[in-house]
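Starting from the known structure of chain A, arrange chain B on it as the hints suggest.
First to last, the sequence lines map onto chains A and B.
Just so you know, we're using UniProt numbering here: the first sequence kicks off at 1 and counts up by one.
Just so you know, we're using UniProt numbering here: the second sequence kicks off at 1 and counts up by one.
Hints in this document: simulated from the structure, not taken from any laboratory.
It is possible that some hints are incorrect.
All copies of an identical chain are treated as equivalent in the list; a pair is satisfied when it fits inside any one copy or across any two copies.
[As the list claims (entries may be wrong)] No more than 20 Å apart at the CA atoms, straight line, and that leaves these computed lysine to aspartate or glutamate pairs for EDC-like:
#1 196 with 283
#2 28 with 119
#3 300 with 261
#4 124 with 107
#5 152 with 311
#6 170 with 313
Residues per chain, in single letters:
Protein chains: 2
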Amino acid sequence: MENVKGYHVAVVGATGAVGEKMLSTLEKRNFPISKLTLLSSERSAGKKLLFKGEEHVVQVAKPESFEGVDIALFSAGGSVSKQLAPEAAKRGAICVDNTSAFRMDPEVPLVVPEVNEADIHQHKGIIANPNCSTIQMVVALEPIRKALGLNKVIVSTYQAVSGAGAMAIKEMKEQSQAILNGEAFTPEILPCGADKKHYQIAFNAIPQIDKFTENGFTFEEMKMINETKKIMHMPELSVAATCVRIPVEYGHSESVYIEVEKEGVTVQELKDLLASAEGIILEDQPEEQVYPMASTAAGKFETFVGRIRKDLDNDKGFHMWIVSDNLLKGAAWNSVQIAERLISLGIVK
Amino acid sequence: MENVKGYHVAVVGATGAVGEKMLSTLEKRNFPISKLTLLSSERSAGKKLLFKGEEHVVQVAKPESFEGVDIALFSAGGSVSKQLAPEAAKRGAICVDNTSAFRMDPEVPLVVPEVNEADIHQHKGIIANPNCSTIQMVVALEPIRKALGLNKVIVSTYQAVSGAGAMAIKEMKEQSQAILNGEAFTPEILPCGADKKHYQIAFNAIPQIDKFTENGFTFEEMKMINETKKIMHMPELSVAATCVRIPVEYGHSESVYIEVEKEGVTVQELKDLLASAEGIILEDQPEEQVYPMASTAAGKFETFVGRIRKDLDNDKGFHMWIVSDNLLKGAAWNSVQIAERLISLGIVK
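Here chain A stands alone, though its shape is the one from the complex:
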């Protein structure tokens, strides 16, 4: 039997929607764990979670929790990360942070392994996991950029409620049931728990995710714009986003228009390129009604791309439809994948 070294892994926010997916992903990937520390806020501490059949008691996250930890996966909100990730890093842990706390910090690499694995080497104890809607898009854009160049991206999203947390899923389901029953209901969470007004999400589409910034774009839209440029090392790339919440439980869909640099590219070339790219499954046979959907992408690690069409007016323009599980590739799986690369690159020893 091979002697595989195990690592001390901490999961911060273990009881949340993403934390739960982190644990199941670590399990599914058979991640080499010698010790598992599950951490949370005081509110959730004391809960017991199963990992590979063994019960683990969730403990209150504090600076000392990270003594001896090799890899810490954070997904407990930006303020927790801001406070505790530096403490964990100071104690020698490498933090993979799934919040927006450090993403645009020039000192912190923002990583999607299929796109910019090499950036991991620049870490100073913290590596940021990008926003869910950004991750699946750059997975599809990077092979195109590499082969054909990329000038422009315009994306409209169709985002699942699980991106707003477990309570938002509950709200969508309860609202749906109320509407089917013809009963009254009061929206309390979506579009954004931290904002003033709340709207019906069941049988509706809400063009707001996160709060609005001064320029009229939402923070979610600005994340997609700024994070894409950072991950792809293309500050000059033209990116625009409209982010919309729709009544789907798991799986973000994206309608993406791009302009490549190279002239005369065919749809078949683009399909071949994406079919052979890391982390992508091409689902694109319109004659057989084969295309990606949230319902079929949910629960999977890959990014699914289809509906690839050449623009009818612009030789360099293409349209496509990109779908992935927002809690897996969009969060838990991308974080665990970074952790796996920390090992394979020899950064965590």
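Just chain B now, kept in the frame of chain A:
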């Protein structure tokens, strides 16, 4: 009391989802009707419908049904229109056809009153009502084109299931209930009753509306592209569309990117322009979370526009969110509106 002339109006497809809305719209608008003839296929004939409190028996539509009819509103499928609209026209009726049968016929005007009312004069007995997703978009685009010029349109839609008929609404509701109950279900209608495969619409997004054409775009997408150019008299306009069905009952939403001709236009100018345009209600106060939604546009005649933003890279680029009730402005109301113009323009006497 003013002596208002009444007209003999026929509604073909009176028992369908759009037919029903045509009747309620005629009622709400107090349309000057001297005689009302309700027509349908043999299957639905004999049904009784109320109009202004009076019962009307639906009759089988045949060529002779149109004797003496002034205005015939068709919404019973393309094949019925192809067969009967010319027969009705031959008998002196002016037909407003809500199917795709004649829309791209160069002899048939394709009309959205706010955009190209004058085209009504070119009619030879048939006037086509455009596709639902096209109508609401051109209502918003026309005032922009007039004031600022227009070069490019890229739209991604979020379309309600009612566009696929009453049975599709039933399917969405039953599927939603099955999923909430954890029960199995078999999709039978959506994305397109006439196509081979059927997929889950509840808690999902399906990037297919209508069948696929040879170029990889769907017929719905090609309708948006070709009809927009025809209605706006801009064969050279660059238009691209991605059409997506989402689990909403009434109200199509559209994420639209445009490029205007004029330089230096501000968001405020665009807002002022749209706020004063015919048929549009501007809902655009991000700081107050005011933007259009299907849930608030359903049941209304107007087209709602909001989320207007200037592109961050292109001075001539703007993004916006356009919502309207697909069965009203997208179908019944636009048809009745054309009928009203036939009277106000003195075409029907």
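How the hints compare with the structure:
| no. | hint | verdict |
| --- | --- | --- |
| 1 | 196 with 283 | between (40 Å within a copy, 17 Å between copies) |
| 2 | 28 with 119 | neither (26 Å within a copy, 63 Å between copies) |
| 3 | 300 with 261 | neither (32 Å within a copy, 44 Å between copies) |
| 4 | 124 with 107 | within (7 Å within a copy, 70 Å between copies) |
| 5 | 152 with 311 | both (13 Å within a copy, 12 Å between copies) |
| 6 | 170 with 313 | neither (44 Å within a copy, 39 Å between copies) |
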